[in-house]
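Asks: Protein chains in written order, with my numbering: chain A, 506 to 845; chain B, 77 to 417; chain C, 156 to 663.
Simulated from the structure, these hints should not be mistaken for lab results. Heads up, some of the hints might be wrong.
Per label pair, the in silico range of CB-to-CB distance [as the list claims (entries may be wrong)]:
| hint | chain 1 | residue 1 | chain 2 | residue 2 | range |
| --- | --- | --- | --- | --- | --- |
| 1 | C | L232 | A | W516 | 37 to 43 Å |
| 2 | B | L389 | A | L688 | 39 to 45 Å |
| 3 | B | W186 | A | V523 | 38 to 44 Å |
Where is the CB? At the ideal position from N, CA and C, for every residue including glycine.
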Amino acid sequence: MTSILKNRLFWPAAILVVLLAVNVFTSNQFITIRDGHLFGTLIDILRGSAPLILVALGMTLVIATGGIDLSVGSVMAISGAVACLLISDLGDQNAVGPVLLIIAASIGISVLFGLWNGALVAIVGIQPIIATLILMVAGRGVAQLITDGQIINVQSGPYATIASGFLLAVPVAFLIAVAAVALIVLLTRRTALGLLLESVGGSPTASRLAGIGAKRITVMVYMVAGGFAGLAGLIYSANIKSADSISAGNLIELDAILAVVIGGTALIGGRFSIAGTVLGAILIQTLGVTVVAVGVPAQATLLFKAIVVVALCLSQSPAFREKVFGRLKPRPALRAEVAQ
Amino acid sequence: MTTTDTPPAAGATSAASLNPRRRTFKPNTRHIPVLATLVLLALMYGGGIANYEKFGQPSVFVNLFRDNAVLLVVAVGMTFVIITGGIDLSVGAVISLTTTLTATLLQGGWPPLVVLVLVLLLGSLIGAGQGAVIHFFKVEPFIATLAGLFLARGLALFINQSSIPIRDETWKAISQYRIPLADGVVTKPIALIAIAAVLIAAAVLAWTRFGRNVYAIGGNADSALLMGLPVGRTRIAVYTLSGFCAALGGVLFSINSTSGWALQGSGLELDAIAACVIGGVLLTGGSGYVFGALLGVLVTGLIQTIINFQGDLNPAWTRIIVGVLLFGFIVMQRLVTRRAK
Amino acid sequence: MAEQSPVLEMTGIRKVFPGVVALDGVDFRLYPGEIHALMGENGAGKSTLIKVLTGVYDIDGGDITLAGAPVRINGPLQAQQAGISTVYQEVNLCTNLSVAENIFIGREPRRFGRIQWGLMRRRAAELLARLDLDLDVSAPLSTYSLAIQQMVAIARAVDISARVLILDEPTSSLDTSEVAQLFAVMRRLKDEGVAILFVSHFLDQIYEVSDRLTVLRNGQLIGEYRTAALPQVQLVEKMIGKELAVLSDVEDEAQSSREKAAEASPVIEARGLGRSGAIAPFDLTIHAGEVVGLAGLLGSGRTELARLLFGADRADQGELSIDGRPVTLRSPQLAMKKGIAFSSENRRTEGIIGDLSVRENIILALQASRGWTRPIPRRRQDEIVEKYIKALQIRPADPERPVRNLSGGNQQKVLLARWLITEPRLLIIDEPTRGIDVGAKAEIQKLVAELSGGGMAVLFVSAELEEVLRLSHKIEVLRDRRLVEELENTDGVDADRIMQTIASGATS
Chain A
506 MTSILKNRLF
516 WPAAILVVLL
526 AVNVFTSNQF
536 ITIRDGHLFG
546 TLIDILRGSA
556 PLILVALGMT
566 LVIATGGIDL
576 SVGSVMAISG
586 AVACLLISDL
596 GDQNAVGPVL
606 LIIAASIGIS
616 VLFGLWNGAL
626 VAIVGIQPII
636 ATLILMVAGR
646 GVAQLITDGQ
656 IINVQSGPYA
666 TIASGFLLAV
676 PVAFLIAVAA
686 VALIVLLTRR
696 TALGLLLESV
706 GGSPTASRLA
716 GIGAKRITVM
726 VYMVAGGFAG
736 LAGLIYSANI
746 KSADSISAGN
756 LIELDAILAV
766 VIGGTALIGG
776 RFSIAGTVLG
786 AILIQTLGVT
796 VVAVGVPAQA
806 TLLFKAIVVV
816 ALCLSQSPAF
826 REKVFGRLKP
836 RPALRAEVAQ
Chain B
77 MTTTDTPPAA
87 GATSAASLNP
97 RRRTFKPNTR
107 HIPVLATLVL
117 LALMYGGGIA
127 NYEKFGQPSV
137 FVNLFRDNAV
147 LLVVAVGMTF
157 VIITGGIDLS
167 VGAVISLTTT
177 LTATLLQGGW
187 PPLVVLVLVL
197 LLGSLIGAGQ
207 GAVIHFFKVE
217 PFIATLAGLF
227 LARGLALFIN
237 QSSIPIRDET
247 WKAISQYRIP
257 LADGVVTKPI
267 ALIAIAAVLI
277 AAAVLAWTRF
287 GRNVYAIGGN
297 ADSALLMGLP
307 VGRTRIAVYT
317 LSGFCAALGG
327 VLFSINSTSG
337 WALQGSGLEL
347 DAIAACVIGG
357 VLLTGGSGYV
367 FGALLGVLVT
377 GLIQTIINFQ
387 GDLNPAWTRI
397 IVGVLLFGFI
407 VMQRLVTRRA
417 K
Chain C
156 MAEQSPVLEM
166 TGIRKVFPGV
176 VALDGVDFRL
186 YPGEIHALMG
196 ENGAGKSTLI
206 KVLTGVYDID
216 GGDITLAGAP
226 VRINGPLQAQ
236 QAGISTVYQE
246 VNLCTNLSVA
256 ENIFIGREPR
266 RFGRIQWGLM
276 RRRAAELLAR
286 LDLDLDVSAP
296 LSTYSLAIQQ
306 MVAIARAVDI
316 SARVLILDEP
326 TSSLDTSEVA
336 QLFAVMRRLK
346 DEGVAILFVS
356 HFLDQIYEVS
366 DRLTVLRNGQ
376 LIGEYRTAAL
386 PQVQLVEKMI
396 GKELAVLSDV
406 EDEAQSSREK
416 AAEASPVIEA
426 RGLGRSGAIA
436 PFDLTIHAGE
446 VVGLAGLLGS
456 GRTELARLLF
466 GADRADQGEL
476 SIDGRPVTLR
486 SPQLAMKKGI
496 AFSSENRRTE
506 GIIGDLSVRE
516 NIILALQASR
526 GWTRPIPRRR
536 QDEIVEKYIK
546 ALQIRPADPE
556 RPVRNLSGGN
566 QQKVLLARWL
576 ITEPRLLIID
586 EPTRGIDVGA
596 KAEIQKLVAE
606 LSGGGMAVLF
616 VSAELEEVLR
626 LSHKIEVLRD
636 RRLVEELENT
646 DGVDADRIMQ
656 TIASGATS
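Please build the complete structure, drawing on both the sequences and the hints.
Replies: This is the structure in structure tokens:
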């Protein structure tokens with residue numbers, strides 16, 4: 506089992522190593538310690554990938570059930586807007602207690618949006634891609650409404666900490682992502698949730714006949730995805746110390762789906778890999794950083810991404826493998842040699 | 077098959093046991109969503125006239141076509157794709173690519189006509205490529221066109237990241253040309269092009285084999301294959317058409333703004349999909365009309381207009397109202413299809 | 156008819172799939188102006204033969220001649236052009252299009268590339284009138300019943316090529332009056348000289364409408380008969396055949412537990428339970444330690460009955476009580492809480508989850524009943540799984556192998572293990588021995604006998620009479636979606652007796 510996992514993640518991991526190696530040479534500080542904190546390109550990458558890791562984690566669970574969540578970007582915008590609005594109303598923006606309360610409230614609201622998505626999918630029976638499209642469209646409007654079309658700036662130390670703070674020399678944002686990964690791994694592998702998810706995604710009919718309450722599980726998964734998107738939105742807005750409801754989480758759903766697919770989780774649902782998703786998310790972030798570091802315009806990242814998506818999807822498509830590699834089939838011995 | 081114009085057998089009355097005419101007099105279920113949108117549009121328009129002084133002026137309505145010409149053209153292509161049961165996420169990015177490329181080439185002194193043909197071809201080619209990947213390699217339309225989105229926008233940003241002004245005379249001339257419709261009512265050429273696209277597309281859908289095959293594939297692709305219809309060819313053609321429409325939309329965009337910018341049209345795919353759904357085009361495929369997509373575009377455009385007239389309303393309401401309408405129409409579609417089964 | 160030459164003649168048809176000979180030297184003849192029934196149980200080779208005729212499969216041996224000329228059929232389109240049209244049980248039309256379009260799509264009358272709708276509608280109406288149908292041809296097909304949709308499919312097929320028409324189980328989801336309509340159309344076409352190949356699982360229908368019939372069994376031709384000259388009992392016998400007893404000790408075991416079962420209290424009792432369109436209301440009582448066999452042909456309602464008892468489908472009439480207390484089984488989850496387990500006949504689509512490992516598949520139902528918050532500790536999982544892999548001799552004995560890589564018989568054992576570890580009081584198993592090798596079959600039969608000996612109630616569904624007879628204490632005979640008779644499995648009951656019931660309906 507572990508060997509299969511290694512194989513599947515081999516190429517993404519190899520690409521990541523190569524990209525990091527490039528960074529070692531191009532950046533003047535890959536990793537160093539300054540003022541008791543870790544600094545450098547590697548730390549930037551880890552900190553910067555936190556929101557994507559969070560969103561992709563939720564997306565992984567949703568995709569494992571055979572669904573998809575397009576609304577994560579909008580939920581990010583909403584949660585950032587809610588938090589910044591409430592914090593800007595505080596008498597003392599640096600009071601830790603109220604800020605924590607506001608963070609909890611923002612995540613709670615995001616979970617409710619997830620509940621809405623889940624209910625549309627599991628109870629009303631709308632295709633996931635369509636059901637979450639509604640919130641994707643309306644959500645950003647809601648965020649703009651909350652901020653009244655303005656960019657709300659906040660000057661809250663505690664709030665900024667979740668994005669740019671350090672704890673034991675490590676960026677807080679990265680620690681949050683690590684905690685989230687640990688939580689999801691615990692939730693899926695220490696309870697039976699992972700098994701039931703994979704079962705529902707693998708075959709809804711067989712799962713029903715095995716007595717699995719697929720509806721409840723599906724709703725729950727969308728709620729988790731909503732909550733994590735909300736948390737990601739907070740990190741994003743804390744990083745820029747303001748709520749920008751237009752660019753917060755813009756197109757992140759596509760990156761998250763890409764991270765999941767790179768991580769070896771199939772879009773049709775079933776088996777999923779948390780480790781793969783995390784690897785995928787870090788890879789995407791590193792790709793962006795590296796492209797800039799090498800001196801290529803930042804925007805060309807999209808071109809690289811397109812190539813990665815095309816290559817990955819084609820390699821996942823049985824029809825493609827059959828058409829392109831089908832001719833090799835009669836001579837399996839030859840192929841084995843080539844593989845080695 | 078020669079024409080044998082014999083009238084229907086008049087005496088062919090069926091036996092008592094054969095009484096399949098079970099239809100009662102109710103509106104065709106396929107028309108309910110479109111009718112609902114039409115009613116909604118009329119209500120909104122009426123409400124606007126009742127509440128705002130100058131809302132009833134013909135120019136308000138005529139300007140809807142001018143302001144939404146790009147969306148209209150894109151929605152036309154999207155309608156074809158959605159009727160086959162697919163989706164095209166790449167249209168907004170194809171618009172970016174088209175405007176950027178158009179502006180760059182015109183700046184480089186290429187002849188306008190050559191530029192026009194070239195960008196339209198490129199859009200079609202991107203669409204055809206997506207269609208081929210979807211059909212031959214059985215990649216989901218969502219993913220294939222997502223890759224197309226990255227590719228097209230990536231190319232656009234690669235060409236130029238900043239806004240490029242267009243100083244070409246032809247483009248400027250078209251941009252500044254006004255067509256008088258009535259006293260004090262004028263429109264732009266791009267509006268007429270958009271309307272022409274709607275008319276041509278509607279005719280193709282209703283009166284050609286290609287159009288009917290599009291519906292057949294959306295209804296049941298397996299059946300269509302067994303009935304001997306050219307499923308693969310039609311599917312690729314549909315994405316090609318959508319790519320062409322997006323490129324045309326990009327050209328209209330560049331004419332309207334006399335500039336090209338790689339971030340133009342971002343998110344437009346969502347607006348187009350939303351307009352189609354509000355216009356009664358079933359996202360599960362097999363049902364919908366170009367006329368419906370037109371109504372959907374007009375509804376979203378009218379929301380914008382009303383919010384403009386209101387003045388003190390946050391423009392964000394547009395998205396929220398569109399979202400609410402989406403929700404309403406999707407649930408309605410769900411109910412209609414559920415009852416049909 | 157005898158002096159006519161056949162329009163379609165297939166001789167020595169052979170079709171081999173990896174590991175299976177699906178058709179072995181089968182001959183088949185179809186004359187113009189006849190309705191010819193193709194008969195056989197599951198795996199007999201009917202659908203393979205039809206797929207050969209429609210060009211879905213290429214043949215590995217034999218000849219096909221159409222109107223005297225040899226043909227090679229390469230695909231559905233080519234079959235259509237050669238004059239062979241097929242209408243399937245699942246109507247292969249586009250219900251979102253109008254009736255007229257469904258008949259003419261791909262062949263619409265055009266002028267300058269523009270479809271002539273008026274002409275098309277007129278022609279469609281004419282064509283339907285020929286079949287005695289009066290429809291609004293511009294209405295979407297979805298507004299009509301399945302029966303009408305089927306007839307529209309026939310109209311299309313006939314209009315394209317009117318020589319050979321294959322009707323593959325067209326009646327399975329039609330009610331009585333709709334079947335009558337369909338038969339009227341079939342007879343009319345027959346009179347026009349069309350050769351019709353008809354597949355149905357309803358014996359009454361075969362006798363009502365067909366002129367001749369061909370029986371297949373295990374990929375081999377059993378014979379070609381005049382329907383009127385072949386008594387129903389003989390037909391059933393030819394379809395089912397008689398399998399030699401593989402295991403006599405199973406029978407002994409079953410016998411010994413028989414007395415015990417009769418005294419035990421009923422586990423489940425159904426009174427007038429039914430679901431319209433699936434199974435007519437029936438009464439059924441199953442006691443602890445009792446094996447109840449369901450016998451009947453494919454499509455007789457065996458599976459439908461079993462699904463009602465598990466809540467997989469909801470009953471729309473009648474009552475069900477478990478341990479004397481009335482219950483409504485709204486979902487499989489509820490049924491499981493009441494101690495009922497159900498292993499579906501569709502192993503691949505409704506049973507195993509191919510991606511998951513043997514271990515995960517085995518613990519799935521038990522885990523589902525515990526809920527996600529109370530996982531079964533890994534060590535206990537391994538213990539359970541190891542125990543059952545050993546007990547049921549699941550091969551390969553690797554709990555972490557994806558279950559899709561196992562053979563059919565071993566997948567079936569995994570499914571049995573899944574349900575056995577939930578310690579059900581009533582185990583419903585639908586066709587557990589279909590498509591698996593003889594050794595695994597015997598093991599599963601033995602297991603069933605042992606389980607009932609241990610006090611478990613078992614509802615055993617199988618197409619093989621010998622198997623049902625060997626294992627069951629009580630046999631419920633189904634025919635045409637109706638439970639027609641309940642037989643105590645005493646010495647007087649044998650395969651002939653059951654076949655007679657299947658063939659003739661309720662006995663006197």
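Asks: 38 to 44 Å was suggested as the range; check whether the CB atoms of B:W186 and A:V523 agree with it.
Replies: 39 Å, holds
Asks: Starting from the range 37 to 43 Å, see whether the pair C:L232 and A:W516 falls in it by beta-carbon distance.
Replies: 41 Å, holds
Asks: Measuring from beta carbon to beta carbon, are B:L389 and A:L688 in 39 to 45 Å?
Replies: The hint (39 to 45 Å, Cβ to Cβ) holds, given that B:L389 and A:L688 are roughly 41 Å apart.
Of the numbered hints stated above, none is contradicted by the structure.
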